[in-house]
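*Asks:* Here the protein sequences come in this chain order: A and B. The numbering used here puts the first residue of the first sequence at 409, with every later residue one more than the last. The numbering used here puts the first residue of the second sequence at 409, with every later residue one more than the last.
Check each hint, because a few of them may be wrong.
Pairs involving identical chains hold if they fit within one copy or between any two copies, as the list cannot separate such chains.
To be verified - Result set (SDA-like, lysine to any residue): computed pairs, CA atoms no more than 20 angstroms apart in a straight line:
1. 701 x 596
2. 594 x 704
3. 841 x 587
4. 716 x 674
The set of hints was computed from the structure by calculation and includes no laboratory data.
Residue strings, one per chain:
Protein chains: 2
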Amino acid sequence: MDIAGLKRELEGLKIEDNPAIVKQKSRDFFWYSPVLKRQLDHVTADLVVSPRDEAEVIRVLKACYGLGVPVTPRGSGTGNYGQAMPLSGGVVLNLAEFNRVKSIARGRVVVEPGAILAEIDRQTRPGGQEIRLHPSTYNTASAAGFIAGGSGGCGSIRWGGLRNIGNVLGLRVVTMEEEPRVLQLKGRDLMKVMHAYGTNGIVTEVEMPLTAAYDWVDVIAGFDNYMKAVRFANLIANQDGLLLKELATVAAPVPYDYFLRHRKFLKRKDSVALIMVAPHALEPLLTLAAEEKAEILFRSDIATAEEKKGLPPLFELTWNHTTLRGLRVDPTITYLQVLYPFPSHVEGVEKMTRIFGDEVPGHLEFQRFDGNVCCSGLPIVRFTTEERLDEIVRIHEDNGCPIFNPHRYTLEEGGMKRTDAVQLAFKRDADPKGLLNPGKMIAWEDPDYDWRSDKVYLFPGLQAAAG
Amino acid sequence: MDIAGLKRELEGLKIEDNPAIVKQKSRDFFWYSPVLKRQLDHVTADLVVSPRDEAEVIRVLKACYGLGVPVTPRGSGTGNYGQAMPLSGGVVLNLAEFNRVKSIARGRVVVEPGAILAEIDRQTRPGGQEIRLHPSTYNTASAAGFIAGGSGGCGSIRWGGLRNIGNVLGLRVVTMEEEPRVLQLKGRDLMKVMHAYGTNGIVTEVEMPLTAAYDWVDVIAGFDNYMKAVRFANLIANQDGLLLKELATVAAPVPYDYFLRHRKFLKRKDSVALIMVAPHALEPLLTLAAEEKAEILFRSDIATAEEKKGLPPLFELTWNHTTLRGLRVDPTITYLQVLYPFPSHVEGVEKMTRIFGDEVPGHLEFQRFDGNVCCSGLPIVRFTTEERLDEIVRIHEDNGCPIFNPHRYTLEEGGMKRTDAVQLAFKRDADPKGLLNPGKMIAWEDPDYDWRSDKVYLFPGLQAAAG
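Build the full structure now, drawing on both the sequences and the hints.
*Replies:* Written out as structure tokens, the structure is:
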């Protein structure tokens, strides 16, 4: 690779080639997985380029296309599957400095790709609005990184996931060609680029829907039995009049052992439901909690300043932060991603809980999924060997609980994204040389890859809709 | 009844005893039903009293209690089941002039009982908020009348119905005793008074949740086959990221024959989906409409001023307004209220459509119901005899589609409200002489009435929750 030539062509742009910094900017949270840690630990780019606007992005892509240098885009590097890791070296396109909030309207916000989600809300909240969905890395994750590498998060209990039409409104995308084109995607076409890890275009603008902002109240409800917590969560998740933003359950002893800042509110036997509720929905929630004999362990609305000192917000106990807090205490653990399909999601959870016990302590995220309430799991796994991990995956799947395997770094193997003929045609069109984030889309690397299988994908293919 | 004595006691209050006006204020939309028309046409009160504040309400109740005069509260008289009709004469307590919006906060509004729903929104909209739910009589219905006599409406596709916890936050209620008490109800206790037709207390204040207000876009999508309209509606109803406020389907030829102001957009073969969608959700909706080959017959966002001249808002084609428009064209029709239970609601609709054809043209209102999307029907019935009407009811129920019979004026027979022991105990406490809206609660009149039956009630009993 002619990195020296590339540097000359990019003169005037912000470029970093210090190997230590380049390596740091070539990594994400892949080390959550002992498998990915082994496979990807050596990965590094040759250069980090940090464009500040679309014209600079186009300049980088044009130059890299000419010299055949791979480009892997990166937001804040908060992914967990090596989404933003440059498997073939080349350029990491760091979009963190291309980050303004461009316009706010009723129900809509337009931002640059590197805009931090929490910063977007800081600007929309004075008008009473906030974004619908955010990962637990709200305070660091970028808009385009979330859309290209994430799937949902807080807000999914109300709005479903990024996979659902309406949760992203528009994307501006630059192609990787001799003369890069700027595409304005809307409607179903958005799915071509969403959760594609930047393999088929560089996002330069994101339009997202906004919803009503509230001063969400953090509530932790305790139960002496994990299935009681799960049944309570399922009950409140199905209350159509109860406005929640987040609803998770975590099995004992994970809360006490790993949520160190919250430990003062917990006992080791406590399984918990973690809830973000609108202030005007708090009283109905407490009514249900009393009826179901849930013990309220924490309420941010009445906690004293002393009690709240140093406490992270509740959403930083949920989604991938649950595992992160576990890893800080016990670096030998890891996790899985499970879908417990509606309508037997509670039964599915109960079965897995019975089979695995404390080897796989439960962690569920309740969400709407194609119109119904169900839950996905991000259970902690007390890791022993890769063989046993694969066995745990197989037992889940044999019991009707599909796994989106976070120990795989390709789009397809993780089960998140079906790369069908429409998707492939778009990749051919937008990245004919295959220089964007190479190594992540199996269907591109291996023409014989069978995307027609019965595997469950979170982001389904586009062929059916197109046909 | 000592009406003369009562008048003396109420001196200074606003009283009406002109028989023509009293009769007019003793009626609601009971004439939707040929059965209720026959049964209730003669009903009239002796006096209409119009209190303007809680103190005046208390004065009326105290006086009526002393003299043993029945009191039937009334909002705007937009009910369809004789909810506000004084079966035993006495006083109609007209709350229409006790109607201020008292306070607006983030997510909450507090109003007096007679506040018109549209007027509440006029006051909350400048702050970007609106009420969650309203009937199609939005422009005339009162807050307490809706809660005491209604069940849901526009907004139910997002929030479920009034029956769901969180959709009403507080009620202030005056009891019918020698010394009337003022009760402040919250949480589960609200259910004692909701949809009880004022049989157990007079509502003097309502606290409701607010949600984000949008300039909803009215969309009419056309289909050449009713089941295509139903399947399309079911598809979009299940899109968690698609913000809708209203979603109904109406079978041909009802739209063309009865929606006279909209006839210019319709052909007689058009079955339609009636949709209120947030502006920022319009494009995703149109994407789905194109994929499903729905023909967009009307969009309020691009209709010309000329086209919109004289058009009612779309919600005035839905819920009970569909039937109302039919009755204006053909006074011999009537309607039913059907629940098509999840998950076989579409199959249930298909079966009833096949059995009845044009004798019972379909009208569905899609809504969330205990966490899932299903639909209730308000089908037009081409009425012949009461016997055939009863037979149509029976055929629905035999096929697993419960009927909430709008041709019955009691709480229980309509199937809307289970009056169990908790409910009865509350009535005994709040209205020991049984003077509030007498004749509407069978369980009160007939101690042997069996509320334990398997009948499906929209507002379930309180005994289970209390136990």
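*Asks:* What hint numbers does the structure not satisfy?
*Replies:* The structure breaks none of the hints.
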